Amino acid sequence: MRWSPRAPACNAWIGLNLIVFGFIKVAMNKKEKQHLFDKPENVKRLLIIFFSSVILIFILDLFTHKHAHFAWESWPGFYAIFGFVACVILVLVSRFILRPLVKRKEDYYD
Amino acid sequence: MINAIPHIPPAFIFIVGALLIPFLKGHTRFVYMLLLPVAGFLNLIAIPMGTEWTVHFMGYDLCLMRIDRLSLAFGYIFHIISFITIIYVMHVKKSLEYFAGFIYSGAALGAIFAGDLFTFFVFWETLTVASVILIWMRKTKLAAAAGFRYMLYHVAGGLCLMAGIVITTVKTGSIEFGYIGLSDLGSWLIFMGIGVNCAWPFLHTWLTDAYPEATIGGTVFLSAFTTKVAVYALARAFPGTELLIWIGVAMAAFPIFYAVIENDLRRVLAYSLINQVGFMVVGIGIGSELAINGAVAHAFNDILFKGLLFMSMGAVMYRTGKIRATDLGGLYKSMPWTAAFCIVGAASISAFPLFSGFVSKSMVMSAAGDKHMAFVWLVLLFASAGVFHHAGIKIPFFAFFGHDAGHRVEEAPKHMLVAMGIAAFLCIFNGTFYKPLYSILPYPALYEPYTLSHVVTQTQLLFYSALAFTLLLLAGIYPAEIRSINVDFDWFIRKPLPFFLRALSTVLNGINSLSDRMLVQGFTGRVNRFARNAMGKTTSALLLPFILKDRADKKEKIEWAFQTNTVPVGAFAACSVFLIVCLFIFYKI
Chain A
1033 MRWSPRAPAC NAWIGLNLIV FGFIKVAMNK KEKQHLFDKP ENVKRLLIIF FSSVILIFIL
1093 DLFTHKHAHF AWESWPGFYA IFGFVACVIL VLVSRFILRP LVKRKEDYYD
Chain B
2 MINAIPHIPP AFIFIVGALL IPFLKGHTRF VYMLLLPVAG FLNLIAIPMG TEWTVHFMGY
62 DLCLMRIDRL SLAFGYIFHI ISFITIIYVM HVKKSLEYFA GFIYSGAALG AIFAGDLFTF
122 FVFWETLTVA SVILIWMRKT KLAAAAGFRY MLYHVAGGLC LMAGIVITTV KTGSIEFGYI
182 GLSDLGSWLI FMGIGVNCAW PFLHTWLTDA YPEATIGGTV FLSAFTTKVA VYALARAFPG
242 TELLIWIGVA MAAFPIFYAV IENDLRRVLA YSLINQVGFM VVGIGIGSEL AINGAVAHAF
302 NDILFKGLLF MSMGAVMYRT GKIRATDLGG LYKSMPWTAA FCIVGAASIS AFPLFSGFVS
362 KSMVMSAAGD KHMAFVWLVL LFASAGVFHH AGIKIPFFAF FGHDAGHRVE EAPKHMLVAM
422 GIAAFLCIFN GTFYKPLYSI LPYPALYEPY TLSHVVTQTQ LLFYSALAFT LLLLAGIYPA
482 EIRSINVDFD WFIRKPLPFF LRALSTVLNG INSLSDRMLV QGFTGRVNRF ARNAMGKTTS
542 ALLLPFILKD RADKKEKIEW AFQTNTVPVG AFAACSVFLI VCLFIFYKI
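If you're matching them up, the sequences are chains A and B in order.
In our numbering, each residue carries its 1-based index in the first sequence increased by 1032.
In our numbering, each residue carries its 1-based index in the second sequence increased by 1.
By construction, these hints were calculated from the structure, which means they are not laboratory data.
In this text, all values refer to a predicted model and were calculated from it rather than measured experimentally.
Some hints could be false.
To be verified - Just so you have them, the derived chain A footprint on chain B, three or more residues with Cβ under 8 Å:
id : stretch
1  : 254-265
2  : 353-359
3  : 367-376
4  : 450-461
5  : 464-475
6  : 478-491
Beta carbons are placed, not taken as given, at the ideal position from N, Cα and C, and that holds for glycine.
One chain only, chain A, in its complex shape (with noise of 0.2 Å):
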């Protein structure tokens, strides 16, 4: 095969094409960007900071002194344990008790 002048520009335009092409490529990829939490880690970081400051205000609560109205607003813990078991009863009468009994299909009414 001859050799022809043309062909490293030609092999340059193409392979300059390919890299812009590459670049708007991974442009593309970029634009739907990765948010802060699409990322596990991230996700998992929260929830160790939020696991951690529970135990840490759980242990803050010992040594707080409260003005209470009612005795067991001294008890250690008073507060974490009910709105835990609040929110637990909460969740559970909603979904085992009150929602069999009211839950219609979104047209009942019509």
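For chain A, the structure is supplied; the task is to place chain B on it using the hints.
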């Protein structure tokens, strides 16, 4: 007779100002509408305490403007939220929605500054009429139907209130709107009439039914005024009524269960609105200075954070066209500012330290504690944990986080962001620098929210509620959002009522057609047939006993003779004599 006219009643600025709105367009209209609440506010702070605009009317003294510390606190917040909402609804083209919004907020101002029951009632009814327009402006079939049901409730409540006012006024001879207290029938009727607007249990369904069906901006308007005017009226007329404590406790407790399983996020907020009003009603029921202060402060803050939450959900709806939790999720990627403002609202309603709910909700709880109402206190604590659970976590989580529903939309329009920004700022400001808020409360506020004990216990309560949510979600026990509706107490109106109507129509229409057949067709027909030949029939009936043979033949002949007017002259003479004899006998007797 008007005694003095130095100041303009705040309601007039809004209502008269609203009349000009339809004639303005574009930017002029917007600037004009922004100036209305500002002018109203400047006017309000210039008015001294006391009563003005006393008008003599039909033997009674009407008082159009009474400014005292209780009405003033509501007056301030009503102006602030009108200003914010007007910025928020800037995208709306039609003047009618603005017009209705201003009439509505003006009516609310008129009701709280009314010094007599009659003026109060007139503005109270205006509230209903203006608010129903905000619902109908959505222009969907659901909104139309919900608006009608809304109207039915409020008209019934209004009639109840009017009956109460009439009875009370006639009995006491005074029309002044002051402390009423539960005693006779009239006071009970007023109590119940206010209760309808306050969304008491079993009377509450207009709220959860209609608010989520209103327009995007309409819901923000609605969330601020109707229930808060009712709270004001209760604080004015029924402070310290023990029954209110129990009503408030029920209001605080039951909606949170519904809110957990509700799919429509604006309906979740409607349920949590009842829950928050429950705290205020408990405060009014307790009636101590601290409790009333708490109720008013919480009303003030609730208008802001509930407005903010409704605004953020409205922005989501505006951009995505969806509001059901099942259709949403992951929006923090495209609407980060809206998400941030929503979280501020959520933190405020949950009463996180440094957010507004923290400094007001605890006043009511503290007042219950001071009176050693253990049960009330525990239910309110449960409701505090519950509200964090559904309004504090559920709303932001399902709209902005959770599973990504794939909406790639623009951030909310600028004017919405500005409105939400102002509301969010005020939520944090009231929570952090609570002194200005406390200084406008009806009684001297000595309460100190930022004690180490309060901060730690409240944070603990909220974090462990969040822990429960997290663990239940991770374990898959948390109820998944389902495309469904949940029937509420309005089932008793919406389902059996059509059957009742059908039964009624069957029975009544049956009676109608039976009467038609028996009376109109049967009886009348017979009378008609008889009357056509009454003379002949009567004569033949009278004569027949004396005719011995050919009876049928003779009877026919007689009747035929009468029909053809060929009766012999003698028969007429006999009849006439018979008549005269009869008359003579009756006359003698």
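For this session: Check each numbered hint from earlier against the structure, then list the numbers of those it violates in ascending order.
Result: 2
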